[in-house]
Structures are given as structure tokens and as C-alpha cells.
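Enquirer: Let's have the full structure, built from the sequences with the hints guiding it.
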Amino acid sequence: MKCNKLFFSFLSSLILTNFSFSQQTNSENANSSGYFSLGARSTFSSFGDEGSGIGTGGQFRIQAGEHVNTEWFADYIAINVNNKVRSEYMHIGWSVMYYPFANPGFKKLFQPYIVAGHCFDYNKMTDISNNSNSKNRWGSAVQAGIATHINLTPKFDISLTCQYMIHFTESLSADTDLNPVIITKKNESALQGHLLSTISFNYKIGHLWKK
Amino acid sequence: MEKIKQYYFLLLLLFIASSINSQSTEVIRPGLIRVMSTISPSKMLSSNNAYFYLHGNLEVYLSKKISVCGDGFYFLGSQTQNPSLAFMHNLFYGFSYHFTKGNNDFYLSLQQGVAISKVSENLTSNHISSVGLSPVISTIAGYNFYVSRFFHFFVQSRLTLGEHNYDVHQNISDIRLSAGLGFNINALKSK
Numbered sequence: 000m001k002c003n004k005l006f007f008s009f010l011s012s013l014i015l016t017n018f019s020f021s022q023q024t025n026s027e028n029a030n031s032s033g034y035f036s037l038g039a040r041s042t043f044s045s046f047g048d049e050g051s052g053i054g055t056g057g058q059f060r061i062q063a064g065e066h067v068n069t070e071w072f073a074d075y076i077a078i079n080v081n082n083k084v085r086s087e088y089m090h091i092g093w094s095v096m097y098y099p100f101a102n103p104g105f106k107k108l109f110q111p112y113i114v115a116g117h118c119f120d121y122n123k124m125t126d127i128s129n130n131s132n133s134k135n136r137w138g139s140a141v142q143a144g145i146a147t148h149i150n151l152t153p154k155f156d157i158s159l160t161c162q163y164m165i166h167f168t169e170s171l172s173a174d175t176d177l178n179p180v181i182i183t184k185k186n187e188s189a190l191q192g193h194l195l196s197t198i199s200f201n202y203k204i205g206h207l208w209k210k
Numbered sequence: 000m001e002k003i004k005q006y007y008f009l010l011l012l013l014f015i016a017s018s019i020n021s022q023s024t025e026v027i028r029p030g031l032i033r034v035m036s037t038i039s040p041s042k043m044l045s046s047n048n049a050y051f052y053l054h055g056n057l058e059v060y061l062s063k064k065i066s067v068c069g070d071g072f073y074f075l076g077s078q079t080q081n082p083s084l085a086f087m088h089n090l091f092y093g094f095s096y097h098f099t100k101g102n103n104d105f106y107l108s109l110q111q112g113v114a115i116s117k118v119s120e121n122l123t124s125n126h127i128s129s130v131g132l133s134p135v136i137s138t139i140a141g142y143n144f145y146v147s148r149f150f151h152f153f154v155q156s157r158l159t160l161g162e163h164n165y166d167v168h169q170n171i172s173d174i175r176l177s178a179g180l181g182f183n184i185n186a187l188k189s190k
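Chains as they are written, first to last, in numbering that gives the first Met the number 0: chain A, 0 to 210; chain B, 0 to 190.
Treat each hint with caution, since some may be false.
[To be verified] DSS-like, lysine-lysine: derived pairs with alpha carbons at most 30 Å apart:
no., chain 1, residue 1, chain 2, residue 2
1, B, 100, B, 63
2, A, 106, B, 117
3, B, 117, A, 83
4, B, 64, A, 106
5, A, 184, B, 64
6, A, 134, A, 184
7, A, 123, B, 117
None of these hints come from the bench; they were simulated from the model.
Only a predicted model underlies this, so the values are computations on that prediction, with no experimental measurement involved.
Expert: Pasting the structure below:
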């Protein structure tokens, strides 16, 4: 019973915050700085050495100014290599988003931006038919690309992002022609990468600070 | 027996009373919380296998057009012989965009999530299979009809895309159908 009350009071305060927030966003002089958004994402990984795969994750955003936003994300991507090897990636990182065109009050439907950032990543390759045949590595990566928000309402957007991610780290590779599959870790650093196409949805919870 | 009849009659009266009341009150508004549970059949896209699930949903309307939602699918069994999956449970989270008119609510949703699945042991060479976690993405088209402040009817179809890559590669993309009676409550008073 106490939990129910707590849940409803939390929910009510969240939604009431959004009401007061919506009045701010509707204002002509709305200031974008300090907005905090929360969202979830699906990522399609392609054009890598391993093939393509899908991933899931989430992110939050803290807007630094009218033209600059920051995104903090984490995701998990699984790639099927020739139906023989499972390559799993975990990313945790951040990006800076630059809006060339101002969009006060988030009223324009499309809001294009340039995005670039850095992340830490973990890759694990496993023979699908033999879980003990596996190798993993930790690393670092940078990513950059182009994107756009689709502002369905001033508070809610769908974002489409296309980024290329380059890993600065030792790399894993799998020879799937051999039986059993041989997974190797190359100790030298390699510029290995993949194209990440992301669709995410984001809801602006409120202002973290006022100017 | 008489008591049971009285109980159902009382429930029916409550249902009618709340339905009449709903005509003067706006049900679909910010703060609306919707929950439901139903049996959901599915059909795999890459094979003839068909499964069925216990489907549960929780949805909170942040505005009249936008809601955040979470869905869970608990694997109950197979509708076909020689299923390729021993089980597959799913968790989804995402948002819905609603097109509302009165108490009619047509919506489109995009959800991401995970599948917790295991292939049938007769598919593996050593007759042992392991549980795997796989990312999935899902799109939904659905319709709710709010008959009262507390009840609604719903129907939805869901397309899920994903792959299971543990022990044996399996395409776990499928289409699912859910329908039934759901419960709803407004957490906030109307303005």
C-alpha cells in the first residue's frame, strides 16, 4: 500500500513537472540550455568486417546551449558472423551534438545536427556451437556522423543517427571457414570500425539549471 | 450459486455505471495508466513454428499523443510439433504515438528490448543448449477503445526482429497478435 502511494506520488510529480515544463517550451523565449532528456535506442551495425547485427540500449542528454547538446549512451549489439560466430559489442560513451540551425522551443519538425564523440567498448567473440571457444577484449573508440531529430512534440523527439565508429584497440577476428572456428586476438592496434545507424526516442524531462 | 450471480450482477452494474460516467469525462489524457494481460499467439517469419505467450503491458501517457510503455512476454508453449525453440521470453520498452478521437485510440509504437531464449536440445549435436540474451526490435500497430474510466478493449499486432546466436543460429523474428480487456486509471485529475 505504501509502495503504491509512493509510486503514484512519484508519477504525479513527474507528470506535473512535465506540465510546468511544457509551458516553458511553449514560450517564444524558451531557453534550450539545461534540458535533460531520457530515451532508448535501437542500433543497426553494418559495413564491419563481421557483417551486420542489431543492438539495444539507452541514453540521456544534457543540452549545453542553443546549438550544442551532449548525449551519454550505453548499448549492446550482437552480430552474427556467417551463422558460426557470435560477436557481441558493449559501448558506453558520450557524444557532442552540434545544431547548425537554431530551433527555439523545438517547434521545427526536423532539426539536423552533426555528432561526434568517444566511447569505451568491449567485444567478445564466441563460437556459436561451442561456448568455450571464445575471446574478448576491452578498448576505446571514437564515432562521428550526421543525424536529425524529428520533433513530434516540443518535448518528444525521434532521432535518426548515422555514425561511423573506429576502434583504437587490439582486434578480434574469426576464421569461419575452418572447423572448428578459430578466433584470434591481434595484439597490434588496428583501425577497425563499423557503421552504426541508430533510431532513438527521447523525452525532455525538465531543466537541470536556468540561465 | 445465488451469491455468485449477485456478484456478477454487481460487477455488471459497476461496469455500466462507469461506462455512462466515462461519456462525460475525458479518459485519454496525461496521467492515464493502462495495464493489461492476455494470451498472445505468434508465428515465426523464417519457419512454420508458432508459439504462444502470456503478454503483459504497462503504459503511461505523458501527453495525449505520447506514451511510454513496457511489455513482457512469457513463453507458454508451442502450437506446432518439433519446435526449434525450447523457450523465448521477451522484455520490451519504448514509446507509442497515439491518434485519438473521443475514446478511440489508434497508435503506432516502436520498442526495443531483449529475448531470453534457448533452442531445442534436439537441434544441437551434444543435445545440450544454453540460454542466450539477444537484442530485438519491435514495431506495433494497435487500437484501444476506452469504454470507461477503468476498462478498455485492445487489439495489437507486433512485428519483432532478432536473431538467436547461441548453440545454433536461429532467426527469432516473428509476428504476434494480442487482444482482450485491459484496465486503466487516471493518476491525475483533469484540468
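Enquirer: Determine for every hint whether it applies to the structure shown.
Expert: Now the hints, each set against the structure:
1. B:100 with B:63: Given that 30 Å is the threshold and the Cα spacing comes to 10 Å, the pair holds.
2. A:106 with B:117: violated (46 Å)
3. B:117 with A:83: Holds: residue 117 of chain B and residue 83 of chain A sit about 16 Å apart, inside 30 Å.
4. B:64 with A:106: This hinted pair holds, its Cα atoms lying about 16 Å apart.
5. A:184 with B:64: violated (49 Å)
6. A:134 with A:184: holds (7 Å)
7. A:123 with B:117: Distance ~20 Å between residue 123 of chain A and residue 117 of chain B Cα, so the pair holds.
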